[in-house]
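Go ahead and model the full structure; you've got the sequences and the hints to work with.
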Amino acid sequence: MKIFTNVGSSVINFLEETGRFFIFTLKTLKSSISKWYFKNIFQQMVSIGYLSLPVVALTSFFTGGALAIQIYYGGNQFNSEAIVSSIVALGITRELGPVLGGIVVAGRVSSAIAAELGTMKVTEQIDALKTLSADPISYLIVPRIISGIIMLPILIIFADIIGIMGGWFIGTQSLGFNGSVYIQNTIDFLEVTDISSGLIKASFFGFIITIMGCYQGFNSNGGAQGVGKATTNAVVSASVLILASNYIMTNLFFAS
82 MKIFTNVGSS VINFLEETGR FFIFTLKTLK SSISKWYFKN IFQQMVSIGY
132 LSLPVVALTS FFTGGALAIQ IYYGGNQFNS EAIVSSIVAL GITRELGPVL
182 GGIVVAGRVS SAIAAELGTM KVTEQIDALK TLSADPISYL IVPRIISGII
232 MLPILIIFAD IIGIMGGWFI GTQSLGFNGS VYIQNTIDFL EVTDISSGLI
282 KASFFGFIIT IMGCYQGFNS NGGAQGVGKA TTNAVVSASV LILASNYIMT
332 NLFFAS
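Note that the numbering used here numbers the sequence shown so that position 78 is 159, with each residue one more than the last.
Derived from the structure by calculation, the hints contain no laboratory data.
This structure is a prediction, so every number in the text was calculated from the model and none was measured.
Honestly, I wouldn't trust all of these hints.
[Claimed, not checked] Cut-off 20 Å, straight-line C-alpha distance, at most; resulting in silico cross-link-like pairs (EDC-like, lysine to aspartate or glutamate):
| id | residue 1 | residue 2 |
| --- | --- | --- |
| 1 | K310 | E97 |
| 2 | K108 | D216 |
| 3 | K116 | D216 |
| 4 | K211 | E197 |
| 5 | K310 | E197 |
| 6 | K202 | E98 |
| 7 | K120 | E197 |
| 8 | K108 | E98 |
| 9 | K120 | D216 |
| 10 | K111 | D216 |
Below, the structure written as structure tokens:
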């Protein structure tokens with residue numbers, strides 16, 4: 082009977098956590114239509130977007146280069162120059178750019194948000210905001226959510242460009258492709274929907290990254306150990322939700 086007790090407890094805990102997260106999300110959405118703290122939003126845009134650009138750029142460049150090599154040696158019996166450029170562009174803009182960029186940003190941003198808010202929670206700074214008649218959700222959570230939704234697509238635009246240029250660099254320097262032909266094939270193959278679908282995904286990923294970091298940090302307890310647990314949970318949950326939602330959105334965009 083113990084196994085049934087453990088399974089039942091796990092299911093109940095999961096449902097309770099899902100309910101708390103759903104209520105937290107509804108409160109955040111409700112607060113987002115009231116007062117906006119534009120100074121906080123700008124600060125979070127710098128933290129989430131500008132400071133994440135180097136790691137996203139490096140990830141995209143090496144991903145584009147590795148993808149070009151794999152495609153070249155996997156399909157060198159065909160017209161490899163056209164195949165490499167088109168598939169690198171398609172893979173980066175539709176999938177690898179937003180997904181890898183989202184996971185990299187989740188590792189940096191979700192953990193930072195959870196740690197910052199978790200520290201504020203255990204040191205009772207959030208309670209102090211309430212005593213000053215300031216809504217903690219409007220002041221702390223909403224600026225991060227808005228910044229994530231805005232900055233992730235901008236980051237992914239750079240990721241797409243740098244990833245494609247990574248494939249171009251490897252193709253011209255290591256695989257002997259003609260640079261102008263490579264770029265022209267990329268331009269001829271890419272469509273607006275390929276780029277726009279990735280940017281829509283990125284905007285949704287930005288919401289996931291920030292809401293999970295805020296939720297875990299805002300509800301942390303137990304001192305330093307609780308803050309560390311919240312940080313880990315924020316990164317893991319954001320990464321899993323990014324991959325799951327990417328599958329769902331890919332089906333919606335391209336399966337029909």
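Of the numbered hints stated previously, which ones are contradicted by the structure, given in increasing order?
none
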